[in-house]
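Engineer: In case you want the letters, here they are:
Number of protein chains: 2
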Amino acid sequence: MPYQRIVLAVDLTDESIKVANKAAAMCKAFSGQLVIIHVIESLNYAYGGDVPIDVSDIQEQLQTTAQQRMEVLVDQLDIPVESTIVTQGGIESEIHRVAEENNADLIVVGSHGRHGLALLLGSTANGVLHGAPCDVLAVRVHKSEA
Amino acid sequence: MPYQRIVLAVDLTDESIKVANKAAAMCKAFSGQLVIIHVIESLNYAYGGDVPIDVSDIQEQLQTTAQQRMEVLVDQLDIPVESTIVTQGGIESEIHRVAEENNADLIVVGSHGRHGLALLLGSTANGVLHGAPCDVLAVRVHKSEA
Numbered sequence: 000m001p002y003q004r005i006v007l008a009v010d011l012t013d014e015s016i017k018v019a020n021k022a023a024a025m026c027k028a029f030s031g032q033l034v035i036i037h038v039i040e041s042l043n044y045a046y047g048g049d050v051p052i053d054v055s056d057i058q059e060q061l062q063t064t065a066q067q068r069m070e071v072l073v074d075q076l077d078i079p080v081e082s083t084i085v086t087q088g089g090i091e092s093e094i095h096r097v098a099e100e101n102n103a104d105l106i107v108v109g110s111h112g113r114h115g116l117a118l119l120l121g122s123t124a125n126g127v128l129h130g131a132p133c134d135v136l137a138v139r140v141h142k143s144e145a
Numbered sequence: 000m001p002y003q004r005i006v007l008a009v010d011l012t013d014e015s016i017k018v019a020n021k022a023a024a025m026c027k028a029f030s031g032q033l034v035i036i037h038v039i040e041s042l043n044y045a046y047g048g049d050v051p052i053d054v055s056d057i058q059e060q061l062q063t064t065a066q067q068r069m070e071v072l073v074d075q076l077d078i079p080v081e082s083t084i085v086t087q088g089g090i091e092s093e094i095h096r097v098a099e100e101n102n103a104d105l106i107v108v109g110s111h112g113r114h115g116l117a118l119l120l121g122s123t124a125n126g127v128l129h130g131a132p133c134d135v136l137a138v139r140v141h142k143s144e145a
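If you're matching them up, the sequences are chains W and A in order. For the first sequence, numbering that gives the first Met the number 0 begins at 0 and goes up steadily by one. For the second sequence, numbering that gives the first Met the number 0 begins at 0 and goes up steadily by one.
Do not take every clue at face value.
In this list, chains with the same sequence are indistinguishable; a pair is considered to hold if it fits within one copy or across any two.
Subject to a maximum C-alpha distance of 20 Å in a straight line, what follows is the list of computed EDC-like cross-link-like pairs (lysine to aspartate or glutamate) [unchecked claim]:
{"id": "1", "residue 1": "21", "residue 2": "59"}
{"id": "2", "residue 1": "17", "residue 2": "59"}
{"id": "3", "residue 1": "17", "residue 2": "100"}
{"id": "4", "residue 1": "27", "residue 2": "104"}
{"id": "5", "residue 1": "17", "residue 2": "53"}
{"id": "6", "residue 1": "21", "residue 2": "100"}
{"id": "7", "residue 1": "27", "residue 2": "56"}
{"id": "8", "residue 1": "21", "residue 2": "40"}
{"id": "9", "residue 1": "21", "residue 2": "104"}
{"id": "10", "residue 1": "27", "residue 2": "59"}
Think of the hints as simulated: they come from the structure by calculation, not from any bench. Remember, predicted model here, so these are calculated numbers, not experimental data.
Could you put together the complete structure from these sequences and hints?
Structural biologist: Take a look at the structure:
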């Protein structure tokens, strides 16, 4: 059984359920366990620390919204989820860190989902691939028609 | 069952069996069918058509060697293989073409295997990701100790 510990990285847009369902199918097929992570790219990180306003309120609000969306996502899955993580920082580095800490043997990530909350999981799939501690499954998501 | 038609791209180095075994495990888990492709990067393609010698003999020899290595690889797998393809051209474009022609729902490719016959499947995983018609599983291969 090659994939026992699966880390699913989601941007929590509408497309995330599609990616999550693939991860869930992998978990079922290989009797694996699922950890779901969402990374809020910290504004300081995104803008090189040069943010002229206090962004802590915004970050807190992003965190709350993300937690709520994460719960909605988990409720839609037909498998139990071991844990969910909402964290802030650099997207690729946080995903790699969580994968390492969880001894993941597979990271599942959406590919080409470029709209939504942030520019989270677009070319991120490529970034995740570089330096990943394990295999990476890039699930193709198409832009929604809206 | 998300993955029914799996295209495995291999560089036919010693590491290929590791990648192939992951693809085989996916086939078994999802009752999928496996097509294996190896792309010989055509010398004309690699050097922009500006090759001053006749390379057809070399290409033919590469083709023969690749066919033999492909047979060895297939013999090592514990699942039946639907078909094997040894082709010449651009690596990413050939992999995408074969995936499309076979209605693949998953491409399996090695990641970071940078030594060997050619520079086949190193950063190729990234190249395969871009413009892939389906999901991509990048299997991490470590450089051999030798």
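Engineer: Evaluate each hint against the coordinates.
Structural biologist: Do the hints match the structure? See the list:
1. 21 x 59: neither (30 Å within a copy, 41 Å between copies)
2. 17 x 59: neither (27 Å within a copy, 44 Å between copies)
3. 17 x 100: neither (25 Å within a copy, 24 Å between copies)
4. 27 x 104: both (15 Å within a copy, 18 Å between copies)
5. 17 x 53: Neither: 35 Å inside a chain and 50 Å across chains, both beyond 20 Å.
6. 21 x 100: neither (22 Å within a copy, 23 Å between copies)
7. 27 x 56: Answer is neither; intra-copy 39 Å and inter-copy 49 Å both fail.
8. 21 x 40: neither (24 Å within a copy, 32 Å between copies)
9. 21 x 104: For residue 21 and residue 104, both the intra-copy (15 Å) and inter-copy (12 Å) Cα distances are at most 20 Å.
10. 27 x 59: Answer is neither: 34 Å inside a copy and 45 Å across each miss the 20 Å cutoff.
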